[in-house]
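Peer 1: For the protein sequence lines, the chains are A and B, in the order given.
UniProt numbering applies: residue 1 is where the first sequence begins, and numbers increase by one.
UniProt numbering applies: residue 1 is where the second sequence begins, and numbers increase by one.
Check before you lean on any hint, since a few could be wrong.
Since the list gives no way to pick out one identical chain from another, each pair is judged satisfied if it fits inside one copy or across any two copies.
[What the hints assert, rightly or not] DSBU-like mimics (lysine-lysine), calculated; alpha carbons at most 35 angstroms apart, straight line:
(1) Lys172 <-> Lys24
(2) Lys175 <-> Lys245
(3) Lys245 <-> Lys278
(4) Lys24 <-> Lys278
(5) Lys24 <-> Lys153
(6) Lys175 <-> Lys153
(7) Lys278 <-> Lys175
(8) Lys175 <-> Lys240
(9) Lys153 <-> Lys245
(10) Lys24 <-> Lys240
(11) Lys24 <-> Lys245
(12) Lys153 <-> Lys278
Honestly, the hints are just simulated from the structure, not real lab data.
Protein chains: 2
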Amino acid sequence: MPISEFELIERFFRQGCQRGNQRKDVLMGIGDDAAILRVPANNQLVVTTDTLVEGIHFLPSIDPEMLAYKSVAVNLSDLAAMGADPAWLTLALTLPRSDETWLSRFAAGLNQICEYYGIALVGGDTTRGPLTITLTALGHVPSDQSLSRSGAKPGDWIFVTGHLGDSAAGLKLLKGELQASDDHREFLVTRHLRPTPRILAGRSLRGIASACLDLSDGLAGDLEHIVTASGVGAHVEIDKLPLSKALLETLGDEEARQLAIRGGEDYELLFTVPEAQKGALMTALGEAGVSHSCIGQIRAGSGIHYYREGEPLQQAPQSFRHF
Amino acid sequence: MPISEFELIERFFRQGCQRGNQRKDVLMGIGDDAAILRVPANNQLVVTTDTLVEGIHFLPSIDPEMLAYKSVAVNLSDLAAMGADPAWLTLALTLPRSDETWLSRFAAGLNQICEYYGIALVGGDTTRGPLTITLTALGHVPSDQSLSRSGAKPGDWIFVTGHLGDSAAGLKLLKGELQASDDHREFLVTRHLRPTPRILAGRSLRGIASACLDLSDGLAGDLEHIVTASGVGAHVEIDKLPLSKALLETLGDEEARQLAIRGGEDYELLFTVPEAQKGALMTALGEAGVSHSCIGQIRAGSGIHYYREGEPLQQAPQSFRHF
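Start from the sequences and build out the full structure, keeping to the hints where you can.
Peer 2: Encoded structure:
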C-alpha cells in the first residue's frame, strides 16, 4: 500500500532527528511550511547545498544507511571548510517508490549522523522520481571569522588534514577496478563511504588559516580554486602528500600519489597558513586531535606547479569533473 | 563540448542573480564552499525546501524559463505562509546533460523572479542525472511573529486569498484533458505556470492570523493540516469558495467547485482569523491589495465538514498525493 508524503516524513524522520537533538534554537521544525530557527547573536549564517544522484555520486548497490551518512557528511564538510558550527539540515529526497525498508535504513543513517554532530533535521520534501538526495546544511560562525578560498598570499604554507586518495581507492574497490587485502579493502572502502567532516579542524582554523576549502573534486582541482580565487600560484611537493599505509600497499607509491592528486571525495580540509601562524596552527589542530601535513607553499604568479624530489613534473594532473 | 560544473554555475547563475540584487546581507555568495549571510538582529531565520521532478511536478515540454519561475515561486509561497520576508535562495539542479540553451532560459527565469522579489541566489550544486530541481529558500521574520498551522481556535474565520482551482484547470488544459476558450485557456494555464507567492499578504497577516499555510496540495488536504495541527474542526461553505470567471465558464459550477476543493498548486494562502481581528485583516490586506474570501469557520471537534447551500455534503473530497 502506498503511503503518503506526510506519513513518510512523519514516520521516518520527524521523531528521530528532532527528538535526538532537541536543539533550543529550533523554534519550528518539520511539520509546518518552513522551519523557524534562531541564529546566535553576533553570528553569521552559513548555508550549503549538495546533491547526490544514483549512478553518478553513488552506486545503486549502496547501503541506504551509509548513503544517508555520507550525504550529510559531505554537506557538513562544506560547513567545516568555512569554519562554521553546523546546526540544522533540510532533506529533499526523491525516490522511485515508497520502499519502507529502504527508508527506515536511510532514516537510521541520517539520524545517527545528526545525533553524532548534534544537528537537527528541520525540514524536507519527499517526491517520487529517480533516486536523488539534496541536502542543505545550515550553520553559523562568529561574525567576520569565516574562512574563504580567496585569502592565500605568497609565502603561506599549504596544508591538508588526514590522508589523500583513500576515498578514490575505496570507490575503485567497490567498482571492482582494484584488488586489496581484506584489511586494506575495509579501510579504503570505509573512507569512501564514511568520510569524516573536519568540523573541529575547521573551527580551529578560524583566525589562523588564510584560505580553506574541503577536498571534494581532488587536490589538483580544489587547489586550483584557492589559487584562482586568491590570485596566486602554488608549489606542491608530491613527496609530502600524506598517504595511508593501506593506499601505499594497495597501489604502490607512484599510483598512490597520482590518486592522492586526482582522486575526489576525500573531504579533508585544504588550507593555507601564513608563516606567522604556524605555531598557532600546531596548537589548535593538536588540541582538536587532527593530523595535518604541509604539502607545499603559495607563490606569487599563477597555476599549480608540482615537484617530485625537487624536480618539476612535466604534466599537470587532471581533476574530476561531473560533466 | 561538455562544460564543467564550475563554468555552468559561473556563466548562467553567478552574475545575474548576484549583480541583480546586490543585497548587503550576502557576505559571501556563490563561489565558495558555502554562503555567508547576515540575518537581521531580532529576526528569526525561516527555511524551506521543495523539489520538482520532471514527469511528476512538471511536464517535459515545459519552457525552462517558466519552470525556473515556478520552482522559485513555490518556495517563496512557503515563506509567505510563515509571514517571512524572503531573502536568499540555493539551487540544486540535476540535468541529464549540459544543454546550454536550456540552461540559459532556465537562468533567465530564475534571475527574473529573483530580481522581482529582491532575493539573491547564494549557492547551489549542478549534477548530472534525471531532471530534478531542489530549491531552498531562506528568509527572516521578526522574532516570535511567524505564522504557523497550529493556532486556529473554534470561532476563528477561515479565509483564502485569490481564487481556487485555476491551477489544476490549467494543468488539465496543458495535458489535453480539458478544452477552453483561448482567453480562459491563457488565464488558467498562466495560473498554473506562474503562481503568485503571496508574500505581501503573509507579511500583512503577522499578528492577525491565528494559523496560516499555503495551498499546495489542495484546500481539502491543506485545511486538514490546519485542523489536525490545531486540534480543531472546520466548517467549509462550498458556495463561498472564490472561483474565477475563467474556471466557472470552462468547467461549470459543479466541477469548478470540486476542483477548487481537490485541485493542488494554487499557492494561495489559507488562514484563520479570530473575530476580534477581522477589522485589522480588512485594513492589512486592503493595503497589500490582495483579494480574500471568508469560506467558513473553525469549530470545536475534529475533521472538515463541507456544506452546500446550508446542507452537509455526504462525501468528503480527496486531496492530491505524491505517492
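Peer 1: Which earlier hints turn out false for this structure, listed by number in ascending order?
Peer 2: 1, 6, 7, 10, 11
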